[in-house]
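The two chains are supplied separately, each in an independent frame; assemble them into the complex guided by the hints.
Protein sequences, first through last, are from chains A and B. Yeah, the first sequence ends on 114 if you go by my numbering, and it's all consecutive. Yeah, the second sequence ends on 114 if you go by my numbering, and it's all consecutive.
Read the hints as simulated data drawn from the structure, not as lab findings. Hints may contain errors.
Facing chain B, a subset of chain A residues (Cβ under 7 Å, in silico) [said to hold, decoys possible]: (1) Tyr27; (2) Pro40; (3) Gln42; (4) Leu44; (5) Lys101; (6) Phe104; (7) Gly105; (8) Ala106; (9) Gly107.
All C-beta atoms, glycine included, are put in the ideal place defined by N, C-alpha and C.
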Amino acid sequence: AQSVTQPDIHITVSEGASLELRCNYSYGATPYLFWYVQSPGQGLQLLLKYFSGDTLVQGIKGFEAEFKRSQSSFNLRKPSVHWSDAAEYFCAVVLSGGYNKLIFGAGTRLAVHP
Amino acid sequence: DAGVTQSPTHLIKTRGQQVTLRCSPKSGHDTVSWYQQALGQGPQFIFQYYEEEERQRGNFPDRFSGHQFPNYSSELNVNALLLGDSALYLCASRTIYGTSNLYTFGSGTRLTVV
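Okay, chain B solo, but in the shape it has when bound (with noise of 0.2 Å):
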C-alpha cells in the first residue's frame, strides 16, 4: 500500500518564477494539507483540501494556491518566487471520516529559489 507520494524530490528556481509541486494521497484518504517547513524550523500549516476545494488556510500569501482532482491528488502553486519561498514543502493526507487526525505524510519536496 503506497503511502503519500510526492514530485518532484528536488527543484530549484529563479526567483519570480512559479513552480507546481504534485501529491497523491495515500490509498483511502480524501483530505490533503500541505505544510512549508523552513530549514531549522517546525512544519507550518499552508492549507487543506478536501472534496476539490480549499478547507482551511494558514498564514500564507495568495502567491500559494492549489488544488484537489477528483482522484484526491493534489497540486501546490506558488507564483513570484521568493528567496524565503526556499524550504521543504510536505504534503500530508487523512481520511475525513473514522480514526481523523492521523496524518500520513510524504517525503517532501525540497524547494530552492536562487
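Isolated chain A, as found in the complex (with noise of 0.2 Å):
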C-alpha cells in the first residue's frame, strides 16, 4: 500500500541549529514529493516541492529537501533554526496527474529552544 513515514514524531533542536527532517515513502514509481508546514490551529502553507529534475529543492523560508530514488526519501532540512519555525511538518506525496489524492505523513512537531 502506498503511504509516507516521518520515523521522528518529536524534534527539539536549539536556536541556530541545523536541522533535518526525515521523509520516506512507499510507491511503485517516484511520486510527486511535498512539504508542508503547519502552524498550531492554523492549515497547511506549502514550503517546497518536488516534480522532476534536479533532487535538491529549495522552498521558502530557508528550507531545502533533498530526494533520494535509492532510499525512496525526501529529508527537509534547515542549516540554522528560528524559533519561528517551532510548528508540525508533513511530508506528503501525491500520484502524477488525474484526480489523485495527497498522502500525508504523520507529522513531525519541532520544538525550538532559545
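Shown next, in the form of C-alpha cells:
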C-alpha cells in the first residue's frame, strides 16, 4: 500500500542549530513530493515541492529538501533554525496527474529552544 | 487574490447531529478536496470534487458526503456525528490543468463533537 513515513514524532533543536526532518515513501514509481508546515490551529502552508529534475529543491523560509530515489526519501533540511520555525511539519506525496489525492505522513513536531 | 476560504472556523455539535462545512476555492481553481485531521495526526483524504462530481473517495463512511456547486465552491456534510468525528477539517483546492498537484489549503474548520 502507498504510504509516507515520518520516523520522528517530536524533534527539539536549539535556535541556530541545523535541522533535518526525515521522510520515506512507499510507491512503485516516483511520486510528486511535498513538505508542508502547520502552525497551531492553522492550515497547511507549502514549503517546497519536487516534481522532477534537480534532486535538491529550495523552498521558502530557508528550507531545502533532497530527493534520493535509491532510499525512497525526501528529507527536509535547514542550516540554522529560528524560533519561529517551531511548528508541525508534514511530508506528503501524490501520484502524477488525474484526481489523485495527497497522502500525508503523521507529521513531525518541531520545538525550538532559545 | 483570496486563497481558500472555509467557514465556520469553529463549531461545536452534539453526538447524532448533522453538520455542514463550507469551502470557497482559490480563484482559478476548479478542484476541491476535503481532509480530516485528527489531533496529533496527519490529514486524511475524505474525497475530491471536480465538475460537481465526486471523483475520488478515501476510506470514510457514507455519513460523510459532499457537494460542489457551479461556482466551484464545496460543502462537506457529516450525518449522525460521533465523538470520533472531532477534528480539523481542511479544504484544499487546485486546478486540474497546468501545474497540477499544487494544492492550496484553507485554515480549516475545527469541529468538536460533545
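Cross-check of the supplied hints:
For Tyr27(A), the interface hint is violated, the least distance from its beta-carbon to any beta-carbon of chain B being 14 Å, above 7 Å. Taking 7 Å as the C-beta cut-off, the interface hint given for Pro40(A) is violated, the closest approach to chain B being about 11 Å. For the restraint placing Gln42(A) at the interface with chain B, the shortest Cβ-Cβ distance is roughly 6 Å, inside the 7 Å limit, so the hint holds. The interface hint given for Leu44(A) is met, as the beta carbon of that residue sits about 4 Å from the closest beta carbon of chain B, less than 7 Å.
At about 4 Å, the closest approach between the beta carbon of Lys101(A) and any beta carbon in chain B falls short of 7 Å, and the interface hint on this residue holds. Among the interface hints, the one on Phe104(A) holds; its C-beta lies about 4 Å from the nearest C-beta in chain B, closer than the 7 Å criterion. Interface hint status for Gly105(A): upheld, as the beta-carbon distance to the closest one in chain B is roughly 6 Å, under 7 Å. Contact between Ala106(A) and chain B, as hinted, is supported at the beta carbon level, the nearest pair being about 5 Å apart and thus within 7 Å.
For Gly107(A), the suggested interface contact is upheld, since its CB lies about 5 Å from the closest CB of chain B, less than 7 Å.
When the structure is compared with the earlier hints, violations turn up for hints 1 and 2 and for no others.
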